[in-house]
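Based on the provided sequences and hints, a complete structural model is requested.
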Amino acid sequence: MSKSVLWFIASSLLVSLACRRTEPAAPPGEATPTEASAPVASPTPAEPVATKEPDCNPATIDRGAESWRDGAACVERLAPRCEQGDPEACMGAATIMLNGSGGAAREPARALALVTGACERGNSVGCLIAAVIHDKGLGVAVDAATATAFIDKACALGDAQGCQAKAARAPKSAAFIAEANLSVGSIAADGLELRDLMCNVTGGMPMLGALVIAGSLAKQRRALDKCAPAGQAFAATWTFAGGKTSDVAASGGSPAANACVEKALARTVATLDGRCGAIVLVGKLAGAEATLEAVRSGAAN
Numbered sequence: 016m017s018k019s020v021l022w023f024i025a026s027s028l029l030v031s032l033a034c035r036r037t038e039p040a041a042p043p044g045e046a047t048p049t050e051a052s053a054p055v056a057s058p059t060p061a062e063p064v065a066t067k068e069p070d071c072n073p074a075t076i077d078r079g080a081e082s083w084r085d086g087a088a089c090v091e092r093l094a095p096r097c098e099q100g101d102p103e104a105c106m107g108a109a110t111i112m113l114n115g116s117g118g119a120a121r122e123p124a125r126a127l128a129l130v131t132g133a134c135e136r137g138n139s140v141g142c143l144i145a146a147v148i149h150d151k152g153l154g155v156a157v158d159a160a161t162a163t164a165f166i167d168k169a170c171a172l173g174d175a176q177g178c179q180a181k182a183a184r185a186p187k188s189a190a191f192i193a194e195a196n197l198s199v200g201s202i203a204a205d206g207l208e209l210r211d212l213m214c215n216v217t218g219g220m221p222m223l224g225a226l227v228i229a230g231s232l233a234k235q236r237r238a239l240d241k242c243a244p245a246g247q248a249f250a251a252t253w254t255f256a257g258g259k260t261s262d263v264a265a266s267g268g269s270p271a272a273n274a275c276v277e278k279a280l281a282r283t284v285a286t287l288d289g290r291c292g293a294i295v296l297v298g299k300l301a302g303a304e305a306t307l308e309a310v311r312s313g314a315a316n
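Under the working numbering, think of the first position of the sequence shown as 16, with each following residue one higher.
Honestly, the hints are just simulated from the structure, not real lab data. It should be emphasised that the depicted structure is a prediction, and the values quoted were computed from it without experimental measurement. Hints are not guaranteed to be accurate.
As the list claims (entries may be wrong) - The calculated label-pair distances, taken between Cβ atoms and stated as ranges, are: (1) Ser201 - Lys241: 20 to 28 Å; (2) Gly152 - Ala271: 41 to 49 Å; (3) Ser269 - Ala156: 32 to 40 Å; (4) Gly173 - Val284: 48 to 56 Å; (5) Val284 - Ala175: 39 to 47 Å; (6) Glu308 - Ala124: 31 to 39 Å; (7) Lys241 - Asn196: 27 to 35 Å.
Stated by the list, open to error - Listed below are the simulated BS3-like cross-link pairs for lysine-lysine, each with C-alpha atoms no more than 30 Å apart in a straight line: (8) Lys299 - Lys259; (9) Lys278 - Lys299; (10) Lys181 - Lys151; (11) Lys259 - Lys278; (12) Lys299 - Lys234; (13) Lys241 - Lys299; (14) Lys259 - Lys241; (15) Lys234 - Lys259; (16) Lys241 - Lys278; (17) Lys234 - Lys278.
All C-beta atoms in this analysis are idealised placements derived from N, C-alpha and C, irrespective of residue type, glycine included.
Here you go:
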């Protein structure tokens, strides 16, 4: 999925945490006199108590009375709490500095420094905010790689939204099929091993179709093994229609090996209709498995 997914996730996080305002604790009450103690008169009148503190909730800071809109004061109040590990304070301070809420100055560099420090101290929310700043170029150059690194850190810290964003940004397999209604991580038939099998099957029962597809391809196993006897994983896509296999494309090996795999797969007799993709392990299994991750990531030929 694209960067918009990250922005949606992180923006939702910004709103949800910003709206979860924690009211400041009331000052501790005075001790109740006991029978053994006599009340002590105050020599001077008590100082007046403010009826309301400035609103530091980023979701409402610009809606309250003018006298309560003090974004700069809120930043100074929230930043130390963020540094002490309070995720809501990080969210509030960063949002105010990024948006200039409550009349505060826009300070994206300071916001980034604050949340980066929080992330380094184990605050996953700080990591996600830093990811958004880099991903959207908020006061800095757009840097997808750095954004991904912050997302990975958030996930490593156990943040569910961070892990969701990490999965959304993961590269798709070269054998990816859009709108697939059949997906099997691993399947084998008659000695042929397939990984990441995906198909958009027309009619029939998709899960039963996986066995049928693997069995059909396995009839070409000997021809496939000749393409890379030492072992090689190939990302392949093809179309089954009217009993024939067409639109075959393979990658992962040398140009000659890729062409060999395409030729072998094109001989497959189609027993159902649909567009499919899979990583086909050809030749010696150990050698093919050694190249699997490179093919999955698209780093292979």
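The hints, checked one at a time:
1. Separated by about 23 Å at the C-beta atoms, Ser201 and Lys241 satisfy the suggested range of 20 to 28 Å.
2. The hinted range of 41 to 49 Å is satisfied by Gly152 and Ala271, whose Cβ atoms lie roughly 44 Å apart.
3. As the Cβ distance of Ser269 to Ala156 is approximately 38 Å, the hint placing it in 32 to 40 Å holds.
4. Checked against the hint of 48 to 56 Å, the C-beta distance between Gly173 and Val284 comes to roughly 49 Å, which is consistent with it.
5. Under the hint 39 to 47 Å, the C-beta atoms of Val284 and Ala175, about 46 Å apart, fit the expected range.
6. Separation of Glu308 from Ala124 is about 38 Å and conforms to the stated range, judged on CB atoms against 31 to 39 Å.
7. Between Lys241 and Asn196 the beta carbon distance is about 33 Å. The supplied range of 27 to 35 Å therefore holds.
8. For the hint pairing Lys299 with Lys259, the CA-to-CA distance comes to about 28 Å; that is within 30 Å, so the pair holds.
9. With a C-alpha separation of about 20 Å, the suggested pairing of Lys278 with Lys299 holds against the 30 Å cut-off.
10. Of the pairs offered as hints, the one joining Lys181 and Lys151 holds, with about 16 Å between alpha carbons and a cut-off of 30 Å not exceeded.
11. Of the supplied pair hints, the one linking Lys259 and Lys278 holds, its CA atoms being roughly 13 Å apart against a limit of 30 Å.
12. With a CA separation close to 17 Å, the supplied pair Lys299 and Lys234 stays within the 30 Å bound.
13. At roughly 10 Å between alpha-carbon atoms, Lys241 and Lys299 fall within 30 Å of each other, so this suggested pair holds.
14. Proposed proximity of Lys259 and Lys241 is supported: the alpha carbons are some 22 Å apart, at most 30 Å.
15. Taken as a hint, the Lys234 and Lys259 pair is honoured in the structure, with Cα atoms around 14 Å apart against an allowance of 30 Å.
16. Of the pairs offered as hints, the one joining Lys241 and Lys278 holds, with about 12 Å between alpha carbons and a cut-off of 30 Å not exceeded.
17. Restraint check for Lys234 and Lys278: the C-alpha separation of about 13 Å stays at or below 30 Å, so the hint holds.
In summary, this structure violates none of the numbered hints.
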